[in-house]
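Asker: Please model the entire structure based on the sequences and the hints provided.
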Amino acid sequence: MRLELKNIEKSFGANQVLKGVSFTAEGGAACGLLGRNGAGKTTSLRILMDVFPADAGEVLYDGKPVDYATIRFGYLPEERGLYPKKKILEQLVYFCELKGMSRKDAVKAADAWLERIGMSEYRDKRLDTLSKGNQQKIQLITALAHDPQIIILDEPFSGLDPVNAMLLKDIVKEEIQKGKIVLFSSHQMNYIEEFCDRIAVLNGGRIVLSGDLREIKRSYPRNRLVIHSEAAAQIKALLPYPCSPDENGALLLTLPAPEAKQQVMQELTQRFDIDAISVYEPSLNDIFVEYTKQSADGDGKEAI
Amino acid sequence: MNQFRKILRFELKNYLSNKIFVGVTVFLLILIAGVSFFPRLKEGFSAIVPDSHESDESLPLMLIEAPSAETAAQVEAGFASAFPEYRVTITTDDDDTIRDQIISGTAECAFLLDSLTSYAYYVNNLSMYDTNTEIADTVLQELYRTNAMVSAGLTPEEAASVLSEPIVHETKSLGKDQMQNFFYTYIMIFALYMVILLYGQMVATNVAAEKSSRAMELLITSAKPVSMMFGKILASCIAGFVQLFAVFGFALLCFRLNQNVWDNNSLLTSFFGMPVSLFVYMLIFFLLGFLIYAFLFGAVGSTASKLEDINTAVMPVTTLFVIAFLVVVMSMSSGNVDTLLMKICSFLPFTSPMAMFTRIAMSTVPFYEIAASIVILIASVIGIGILSAKIYRLGVLMYGNPPKLTTILKHLK
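Those protein sequence lines, which keep their order, are chains A and B. So the first sequence is numbered by our numbering: it starts at 8 and just counts up by one. So the second sequence is numbered by our numbering: it starts at 1229 and just counts up by one.
Quick caveat, the hints were computed from the structure, so don't treat them as lab data. A virtual CB, placed ideally from N, CA and C, is assigned to each residue, including glycine. Accuracy of the hints is not assured; some may be wrong.
[What the hints assert, rightly or not] List time: in silico DSS-like cross-link candidates among lysine-lysine, alpha-carbon distance up to 27 Å:
| hint | chain 1 | residue 1 | chain 2 | residue 2 |
| --- | --- | --- | --- | --- |
| 1 | B | Lys-1241 | A | Lys-115 |
| 2 | B | Lys-1241 | A | Lys-92 |
| 3 | B | Lys-1571 | B | Lys-1241 |
| 4 | B | Lys-1247 | A | Lys-93 |
[To be verified] Computed footprint of chain A on chain B; a stretch qualifies when at least three of its residues, placed anywhere within it, have a C-beta under 8 Å from a C-beta of chain A:
| hint | region |
| --- | --- |
| 5 | 1231–1245 |
| 6 | 1601–1611 |
Answerer: Right, dumping it as structure tokens:
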């Protein structure tokens, strides 16, 4: 399974929001869609789900235009909200039915999911009697209960406590293992790093970076070492290379060429008490900032 | 189609399980039952408690002052039969005393006659519906004429029979009887007015509530806007008709049960004796009129981000509708429903449900005109429905200030 957005363009009035967006997501792997506020993430997702058509470009599923009658999408919007005054089971069933399930299957699926997230006792309660975190868990069911092939999660972790975040992680991992296409949109880079094999970074309506996250990281020059040691000051004084402390208190050493690292690492471990030493790889956070900070219109409100 | 059915069922259930909706309907039914059975209950009650015959003492006092005792007696006799709801009494008090009696409430009114052809009428607060002087004029005129004829040589009986000879006439309306049809036309137009405004507001609020609770974010990705819009509107339409049929059906039932009591109420008999063809037209125009406005209300509801914005958002639609209502009602009360304005209005989709129905009910309209009006209306309902679904798709995703009409139209493609 492979989902592909190709050269998607979209304007609202005179404002061109998407200027040729292309990226790919594979089944059985999560893809992170990153971008600053107003970069066009939500618009891309809405085009992907056929809320409105693109001005140009296509959305392909296994190489063919997506047939929205047969391909099911599961969506957890960033702006959460269901019917506050309705009973939980009733609205879960309604949303499953809208996605094409029969009533019987919908009730079964909704009950199974309530059980899975440990909220069966709330099935006949009104949604607004629940805490915000629990409401969010209920909303997650609306994205998953109809067994979609493509799952889109927009900021899924915001507002969840660590235990619920763990539960959500497990659920997402299960879905990935089932071979589904999972699209993540988030500003919480640690979650993206944890889940996503691929990323696509949107900036100003364009994809500025996309591909396999590990390869992207490895593509950075491997001439820097991160050293954790009590003897940081001595190391710094002794070595002829530029040294600077990084934000975690470790020492960041920049070598003239990647080839020198083997020898330097050996030398250091022999001469000093080293806790850990590794080749520096940029964090996703660094990569994100590097690719998106130049954006002039990054803070605009997302148009639609 | 399947999706549309599910939305329809969900939305309809929303209405029918809404406590206020059910409460109002039940309240109306109880009210109708109460009103229609009231005369019977009263009868039954009077049968148990013997009617304490209203004594003359309890009637309001009407004073008569005349220049001569003879005239006074004549007038008193005439007035006593013309004003059965008054205790007519001759007085010889002076002007000021009579005034005081009226102001203090001892007497209700007074006729101070100079002669049979000239008098002053005293009353404390002149009611809008006070017809006493008109009745008095008739009585006095008759007395004057009788006196004149008697002095010319006729006997009082001959004079009376000359004066009271009735003219027999019969009206044969070859088209519609406006008088008879006015009531139910008015009731139906007014019911349509109420239903559209109430349900329109409900539809708009419903859409805006989904938007403000952000349930829309999920709905819009789960269902087609056209299914959403048509499902919602038809649900409100069915709910509206369920309520109307419950109320009018129950009213008809109560009326039938108490027919002997209400038989001489021309308003009710004309209402429930509505011809079947007219009833069918009423249903058609009611349904189409409801739909066209409900779609508009749904569309404008989608442009409001918050429930507070609803009232401002629906204003243009409400205004359009109120103007249509006023045009029709004014033409109805003027008695001429076939003016050029009404003819134009009976083909314009936003006014035709009321205007054409009024014309059918109160005048004679050729069938091809009715058919044309219905066809235009059906086409407009479909057109407005699709347009409103498009506005809805755009509107529900726009947050912040309600967008301008021009912005929406620009984005509609």
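Asker: If a hint holds in the structure, say so; if it doesn't, say that too.
Answerer: Cross-check of the supplied hints:
With a C-alpha separation of about 21 Å, the suggested pair Lys-1241/B and Lys-115/A falls inside the 27 Å cut-off, and the hint holds. Taking the CA atoms of Lys-1241/B and Lys-92/A, the gap is about 13 Å. The hint holds against a cut of 27 Å. Of the pairs offered as hints, the one joining Lys-1571/B and Lys-1241/B is violated, with about 40 Å between alpha carbons and a cut-off of 27 Å exceeded. Among the hinted pairs, Lys-1247/B with Lys-93/A is consistent with the structure: their alpha-carbon atoms are about 13 Å apart, no more than 27 Å.
With a cut-off of 8 Å between beta carbons, the region 1231–1245 of chain B has 4 residues touching chain A; three or more are needed, and the interface restraint holds. Coverage of the region 1601–1611 of chain B by chain A is violated. Counting CB-CB distances below 8 Å, 0 residues qualify, and the rule asks for three or more.
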